[in-house]
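Trainee: Here are the chains, one letter per residue:
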Amino acid sequence: MNTVKWSAIGIGTKNQEGNWLEIFYPKDLINLDSNIIEEASKFSADDFETPLDLSKEIVKELSTINLNDYLSDSSHLVMIVLREDKKIESVPEAYLKLHLLSYREVKPNSINLDNIFAMLPTVAWTSEGPKDPDELPEIIKDRKISGSQIHVYSLDKFPNLTDYVIPEGVRIADSSRVRLGAYVGEGTTIMHEGQINFNAGTLGKGMVEGRIAQGVIVDEGSDIGGGASTLGTLSGGNDLVISVGKDCLLGANSGLGISLGDRCIIESGLYLTSASKVEIIDDNNQVLKTVKAEELSLKPDLLFIRNSLTGSIQCKERKKDVNLNEDLHSNN
Amino acid sequence: MNTVKWSAIGIGTKNQEGNWLEIFYPKDLINLDSNIIEEASKFSADDFETPLDLSKEIVKELSTINLNDYLSDSSHLVMIVLREDKKIESVPEAYLKLHLLSYREVKPNSINLDNIFAMLPTVAWTSEGPKDPDELPEIIKDRKISGSQIHVYSLDKFPNLTDYVIPEGVRIADSSRVRLGAYVGEGTTIMHEGQINFNAGTLGKGMVEGRIAQGVIVDEGSDIGGGASTLGTLSGGNDLVISVGKDCLLGANSGLGISLGDRCIIESGLYLTSASKVEIIDDNNQVLKTVKAEELSLKPDLLFIRNSLTGSIQCKERKKDVNLNEDLHSNN
Amino acid sequence: MNTVKWSAIGIGTKNQEGNWLEIFYPKDLINLDSNIIEEASKFSADDFETPLDLSKEIVKELSTINLNDYLSDSSHLVMIVLREDKKIESVPEAYLKLHLLSYREVKPNSINLDNIFAMLPTVAWTSEGPKDPDELPEIIKDRKISGSQIHVYSLDKFPNLTDYVIPEGVRIADSSRVRLGAYVGEGTTIMHEGQINFNAGTLGKGMVEGRIAQGVIVDEGSDIGGGASTLGTLSGGNDLVISVGKDCLLGANSGLGISLGDRCIIESGLYLTSASKVEIIDDNNQVLKTVKAEELSLKPDLLFIRNSLTGSIQCKERKKDVNLNEDLHSNN
Chain A
320 MNTVKWSAIG IGTKNQEGNW LEIFYPKDLI NLDSNIIEEA SKFSADDFET
370 PLDLSKEIVK ELSTINLNDY LSDSSHLVMI VLREDKKIES VPEAYLKLHL
420 LSYREVKPNS INLDNIFAML PTVAWTSEGP KDPDELPEII KDRKISGSQI
470 HVYSLDKFPN LTDYVIPEGV RIADSSRVRL GAYVGEGTTI MHEGQINFNA
520 GTLGKGMVEG RIAQGVIVDE GSDIGGGAST LGTLSGGNDL VISVGKDCLL
570 GANSGLGISL GDRCIIESGL YLTSASKVEI IDDNNQVLKT VKAEELSLKP
620 DLLFIRNSLT GSIQCKERKK DVNLNEDLHS NN
Chain B
320 MNTVKWSAIG IGTKNQEGNW LEIFYPKDLI NLDSNIIEEA SKFSADDFET
370 PLDLSKEIVK ELSTINLNDY LSDSSHLVMI VLREDKKIES VPEAYLKLHL
420 LSYREVKPNS INLDNIFAML PTVAWTSEGP KDPDELPEII KDRKISGSQI
470 HVYSLDKFPN LTDYVIPEGV RIADSSRVRL GAYVGEGTTI MHEGQINFNA
520 GTLGKGMVEG RIAQGVIVDE GSDIGGGAST LGTLSGGNDL VISVGKDCLL
570 GANSGLGISL GDRCIIESGL YLTSASKVEI IDDNNQVLKT VKAEELSLKP
620 DLLFIRNSLT GSIQCKERKK DVNLNEDLHS NN
Chain C
320 MNTVKWSAIG IGTKNQEGNW LEIFYPKDLI NLDSNIIEEA SKFSADDFET
370 PLDLSKEIVK ELSTINLNDY LSDSSHLVMI VLREDKKIES VPEAYLKLHL
420 LSYREVKPNS INLDNIFAML PTVAWTSEGP KDPDELPEII KDRKISGSQI
470 HVYSLDKFPN LTDYVIPEGV RIADSSRVRL GAYVGEGTTI MHEGQINFNA
520 GTLGKGMVEG RIAQGVIVDE GSDIGGGAST LGTLSGGNDL VISVGKDCLL
570 GANSGLGISL GDRCIIESGL YLTSASKVEI IDDNNQVLKT VKAEELSLKP
620 DLLFIRNSLT GSIQCKERKK DVNLNEDLHS NN
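Residue numbers (our numbering), protein chains in the order written: chain A, 320 to 651; chain B, 320 to 651; chain C, 320 to 651.
This is chain A alone, in the form it adopts within the complex (with noise of 0.2 Å):
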C-alpha cells in the first residue's frame, strides 16, 4: 500500500446532472485510519486515483467506520486519499484542499493549487443551500409565485468560510468576504472592509481592515488598514509573492507591492509598488539615495511616507514601536 499525503470523507452536492457543486469535510473525519483506508480500497477501481463515492451500500459495508449517521437523501458522501501533493484534478480534491487550509492544517503557498480555477464549478450559494446556477432562474421564479423567498449570496467558485469552517478566537465582522480557503490565524479580527481570498491569511493575532490577496500572508502582531491594498498574485500577471512580517502597520487606503520585513509602516493613502522609486532619509529628514522599493523588500523597521510637501516617497529607519489597541484586538 503506498503513503498517504492526505484523506478525508466529505459530505456534497451534485447538480441535477450528477456533477459536484461542493463538499464539506468536518474535522473528524480528515486523516483517516489507515485500517479504513485499507478496508475501502477494496471498493476503489483506481485505488483512490479518483474520489470514492461512498453510497449506502458501501457504507454498510464497512466495518472499521460507522457513517449511518451521515447518510441522508439529500447529500452525498465522498471518500478521498491523496498520496501525494498533485495538481488538482477533481471537486472533491480542490474542496479538501481549501478545508486544509481554513482548518490551519498547511499553511498558504505550502500546497500545490494548480488547476484550481478548472476544476470548481461556479456555484449560487443560496439561503436555500448551493445551487447550480443554471437551475436558479426557475427557482426564483417559483419562488416569487408562491411569495416566499430564495436570497442568492454569492455567484462564485469559492463558498464563504464560515459557512464549513469556523476557526477558533477569530472575529470576522462580514463574512462574505473571506473565502473557503483562508488561513485566519488565532487572534485575527476582520474588520467589514476586510477581504482574505483562499491561499492568503494571517499566522496569529492581528487586524485586518483591508484585502489580503491571494498568496499573501500577514505575520502575527500586524495590522492591514481600511481599504489598504496587497498585490496579489493572480492579477497582473506579476509573479512576486507578498508578504508582511510581524507587527507593521499598512495604514488606511494604502497598498502595498513589495514585502515587508518585520516592524514596518506604510503611511495611510500611500500606494507602494515595487517600482517605486524611493527617497532614504536620515533622521535629519537628508535624502541619502534613491533606491526602487523591491530593493527594500522584507527589511525590517522602515518607515513609508510621501513627503506632503515635495510629493516624493520616502523611507526612513523608524525606533518607536507600533502598539496595536489591546482592548480592540481581544478576542475572548
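Rather than coming from a laboratory, the hints here were simulated on the basis of the structure.
Do not rely on the hints blindly, as some may be mistaken.
Any copy will do: because identical chains look the same in the list, a pair fits if it lies in one copy or spans two.
As the list claims (entries may be wrong) - Computed cross-link-like contacts, DSSO-like style, restricted to lysine-lysine with a CA-CA straight-line distance of at most 30 Å:
id, residue 1, residue 2
1, Lys635, Lys596
2, Lys460, Lys375
3, Lys524, Lys460
4, Lys638, Lys611
Put chains B and C on the given structure of chain A with help from the hints.
Mentor: Just chains B and C now, kept in the frame of chain A:
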C-alpha cells in the same frame, strides 16, 4: 393600435396599504405577443397609460396566454405596455427598465430613467422577502419574542441583481454589491470589493474589483482593480459620463474622473480627476508639455502614473499589452 | 429610591451554558415608568446593581406592566435600571447603550462605553439566529448532513443595526456594514461601500459611501465619498476624536486624520493625516505659508488638494457651494 416599445407581465409584492413594493419580470414574459396585448387592452381603461393589475378574474378571461400557474394568494400580477421611452411614472415601469438592463436587452445610458428615485419606494429586503420599512419594527419584535429570526439585508430603493436576474456566464462574489439594473457582460467576474450600480456595467469579459458608478460603462477585456473608483453622474453634480475602453487596467485604489480610450492604464493608488494637470512625457521620461486630464479623454494607449520622486501626475504612450490572467478570468 | 438614568426591559438569547449572547430592547420598553421600577425592585437583590432576569414567575406577579405577550420558551426577559452612566459591567448594559445610540436617544461620544469590548461576547450571527461560536461546528455538520442550510453572516461582538433598530428616514444599501450602536441621522443614505461603526454616525441628511470609524461624527449635509476613510480612536492608539462639519465633501478614496469645519472639501484620492504639512495658497495659487494639517482642524470653508504637478498638499479658502444631488439624497 399604437406601436409598442416594451411590454411585460410581472409578479410583485404590495405593502399593507396596497402600494407596490417591487415587481419581478420573468424573462419569458417580456416582449409579449401583440395578440396578448390586444386582448388585454380591453381591461385597461386608459390603453395601458398606467400598469394594469391582472386580477384572478382577468387572468381567467385571457385566452391568448395562460397565467394560471402564476396566480397565488401572496403575490400580484401586473401587465405593462410602454408605447414610448418616456420618464418613469410608476413602480412597475421602474422595475421593468431595471430588468431590461440586467437581461441585457438594453445598454446603460440608452433608456430614459428620469424620475426613477422618486418612483421607487425604499424597501426592506429581508430573509422573509420584501417588506415596507414602516412595518418592520413590529415584525422584528415578534420574531425576537418567538426566538426566530428575520434578517434585513438592505433598506434600499434597489434590490440585489441576483435575487431577480442571473446573467449567464458571470461570477459575483458578493451579490449585495450589485444592484438590479446593472448590466453585467458575459465573462465578467465581480470580486468581493467590486460594485456595480444600476444603469452601469461591463460589456463583456472583464474583472471588477472596484466600483462602477451609475452611468459608467466598461468595455470588454478591462480590469477595474481592488477599491478603484469611477466617478458617476449622481454625486457631485457633474454631468460628465465616464467610460472605460477595451483592455484597460485601473490599478488597485486608483480613481478615474475622465473617460479612457482602449488599452489605457492607471497606476495603483493614482486618482486622476478631470481637473488634474498632467505632464506628457516621452520614452526618455522628458516632459513634453502639460495638459488638463480631460484633454486626454478617450485617447487610447496611455499610461498614467504619479512620479514617485517629483509627485507629478505623468502620462506616456504605452507599447506593452496588459495580459489579464486567463486562468482567473475563466468563468466556466 | 435613587434617581434613574436609563431603564429598559429586553428580550435576549443565552448560550447552552446560560450566558447572554445578545439582548433586543423594543422601543416601547425603554425608559420605564417609575412605578414599574418600584414594583420590580422587590425582586432585585441588589437594587438593580446587576440586571434582573424576569422569570415567568416574576412576570406573573407584576401588576404595573403586562409582559405576558413577551414570554416564550426560546427567549429570555431581562430588566435593567442604570442609576448613573458608569462603565459597562454586563451584556444587557452593553446592548442597552448600543440601542440608545441607534434609537437616537443619545449622541455618539456622549455616554460611557468603557469596557464594552470586554463585556460583549463574540456571537455567530446566523440565519437561525444568534449562536455561540463554540456550538456552531456541530450545527454546521448537522445541517450539511440533512441537506439543509445554516448561513453565518458574521462572527462579531456587534450585530447589524437593522436586525435590531430600523431608524426612520434612512437608506442602508448593505446592512452588514452598519453596526448596532451606529447613530444614523434622518435623511442619511448609506451606499454599499458605506460603513458606520458603533458610537459614530451622521447627525442628519447626508450621503455615506465611505467609512465612519468609532467616535467619528458627521454633521448634516455632508457627503463621505466612496471608499473614503476617517481615522477612529480605536486603531493606532490616537486619542484624537475626528468630526466632520456641515456640508462637507470627502472625495472618493480620500482620507481624513483631522476634524473638518463646515463646508470643507477633501479632493478625491487625497489622504490628509494630522501630521501632513500643508501649503496655504491664495486665490492666485501662490503659497502663503506652510502649516501642519492639525492646525487647520475645525476651520470652515477650506479646500484641500494635492497639486498634481508639484505633489504638495495645498489648502485654499473656498467660495463655491457644494451641491449634493437632491434627487439622489431624497429618502421618501
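Trainee: With identical chains treated as interchangeable, where does the CA-CA distance between lysine 460 and lysine 375 reach 30 Å or less: within a copy, between copies, both, or neither?
Mentor: between (34 Å within a copy, 19 Å between copies)
Trainee: Is it within a copy, between copies, both, or neither that the alpha carbon of lysine 638 lies no farther than 30 Å from that of lysine 611?
Mentor: both (23 Å within a copy, 22 Å between copies)
Trainee: How would you label the pair lysine 635, lysine 596 (within, between, both, or neither) given a Cα cut-off of 30 Å?
Mentor: Classified as both; 14 Å inside a copy, 17 Å across copies.
Trainee: Evaluate lysine 524 and lysine 460 at a C-alpha cut-off of 30 Å and name the case that applies: within, between, both or neither.
Mentor: Cα proximity of lysine 524 and lysine 460: across copies only (27 Å, versus 46 Å in one copy).
Going down the numbered hints, you'll see the structure goes against none, and every one checks out.
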